[in-house]
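S.K.: Here are the chains, one letter per residue:
There are 2 protein chains.
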Amino acid sequence: MDTEHNAEERLLTAAIEVFCNRGYDGARTQEIADLAGISKASLHYYFRSKELLFRKAVQKVFSLIIGNVARRISEESSFEVVIRQLVEGYFEMFIHFRTQAVFFFTEMMKHEELLDEIVKGIDRSVLLNGLMLRFQKEREEGKIIDMEPVDLLVNIIAMCGYPILAEPLLKRVLTLSNDEYQTMLNRRKEMVVDFVLRAILKEKE
Amino acid sequence: MDTEHNAEERLLTAAIEVFCNRGYDGARTQEIADLAGISKASLHYYFRSKELLFRKAVQKVFSLIIGNVARRISEESSFEVVIRQLVEGYFEMFIHFRTQAVFFFTEMMKHEELLDEIVKGIDRSVLLNGLMLRFQKEREEGKIIDMEPVDLLVNIIAMCGYPILAEPLLKRVLTLSNDEYQTMLNRRKEMVVDFVLRAILKEKE
DNA sequence: GTCTATATGGCGATAGAC
DNA sequence: GTCTATCGCCATATAGAC
Chain A
17 MDTEHNAEER LLTAAIEVFC NRGYDGARTQ EIADLAGISK ASLHYYFRSK
67 ELLFRKAVQK VFSLIIGNVA RRISEESSFE VVIRQLVEGY FEMFIHFRTQ
117 AVFFFTEMMK HEELLDEIVK GIDRSVLLNG LMLRFQKERE EGKIIDMEPV
167 DLLVNIIAMC GYPILAEPLL KRVLTLSNDE YQTMLNRRKE MVVDFVLRAI
217 LKEKE
Chain B
17 MDTEHNAEER LLTAAIEVFC NRGYDGARTQ EIADLAGISK ASLHYYFRSK
67 ELLFRKAVQK VFSLIIGNVA RRISEESSFE VVIRQLVEGY FEMFIHFRTQ
117 AVFFFTEMMK HEELLDEIVK GIDRSVLLNG LMLRFQKERE EGKIIDMEPV
167 DLLVNIIAMC GYPILAEPLL KRVLTLSNDE YQTMLNRRKE MVVDFVLRAI
217 LKEKE
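Chains as they are written, first to last, in our numbering: chain A, 17 to 221; chain B, 17 to 221.
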């Protein structure tokens, strides 16, 4: 086990993994302690209860994910490039944090009050406000069709995230093998960029 | 309590509600029995175990959802109308079965083997194959741009489902009130149809 | 701070009367 | 078929030595 991390960090790391894989109710403090190589008693010494450990774990996961998305958008790029960065950013975020993202959809439905306090702490200025203003600017200049900026953003996030989140279900309903599904995911990044640009740009190529 | 239903049906109905709200691990057989107005012992008499009751519940939920989607598409409509029916169908399905849909994303990750046996039983001919053939036909006739039919379908499902599934998270990240979020959802049906048609139709209006 | 051992409570499942 | 009462287990949490 990592000697570079102290017990508290190791427990938190282990907790994230176990909570993401098993959910709150399915997680066992014994498994978390074992994974961290530390006794269950020490877990309670550091975090007092499973519930409090869960809150810490959720907060850390969320800050990891948010940080990963926020640093991808460069505001001075052309509009087409911004769309591309956005699609690639969300796509890779969903792939990289797939388990954690599913975890959020799963568990945060049951712990909405936790979501409130977590989302309060994030910095919205760069990612959201900047992006919304950029969309609005292009819209007012008549370069893109007249649609609400937020609708455009939601469409992009949806087309990036859904196929990754719903893979187990979609794969079976569409009767695609693992390889075929992977092929589909691989071409989606480019496809979604094209799809979005065709939908919003006023002039046809 | 409903006298029109026998004990077994009442238990299954109650189980669906409790499993959807709390997940497999979070569900209590006592709560299911109470909700059905039947003793916990009878629950075991009919279903033998929590696990078997869960399987029955999942199968029933899935058949309800699938039946709801399949009967919406009329194959002889124009392509624009098919897209509209598809968007409206999925949108209303996700709204109507929101809890159950989240439940599927949540629980089916952990019980993938259950998904296998459930999906085997569905009739794919009308909804999927018919739709794919229609998309392919329009594509070969040059009426829509050159894209894989399955990609188009996934895009549509994603834009319909994601904003409903992710509401608790999106609402907070986008800092929208409940009313504002509802307003956004209300305009999405029309917006997604327009968005899709602009993306795929070759001639501009 | 970290451990072993144990307390405490709750859950799924069963026994057995009716 | 339906119930009450109870078993047996396991999970969180704590006590207390080191």
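No wet-lab data here; the hints were simulated from the structure.
There may be inaccurate statements among the hints.
Because identical chains share one entry, a pair is satisfied inside a single copy or across any pair of copies.
Here are the simulated BS3-like cross-link-like pairs (lysine-lysine), alpha carbons at most 30 Å apart as the crow flies [claimed, not checked]:
hint : residue 1 : residue 2
1    : 187       : 72
2    : 187       : 136
3    : 159       : 187
4    : 76        : 218
5    : 126       : 72
6    : 56        : 159
7    : 153       : 136
8    : 66        : 205
9    : 136       : 72
10   : 153       : 187
11   : 205       : 218
12   : 76        : 153
13   : 205       : 56
14   : 66        : 187
15   : 126       : 66
16   : 153       : 66
S.K.: So which of the earlier hints does this model not fit?
M.R.: 4, 6, 8, 12, 13 and 16
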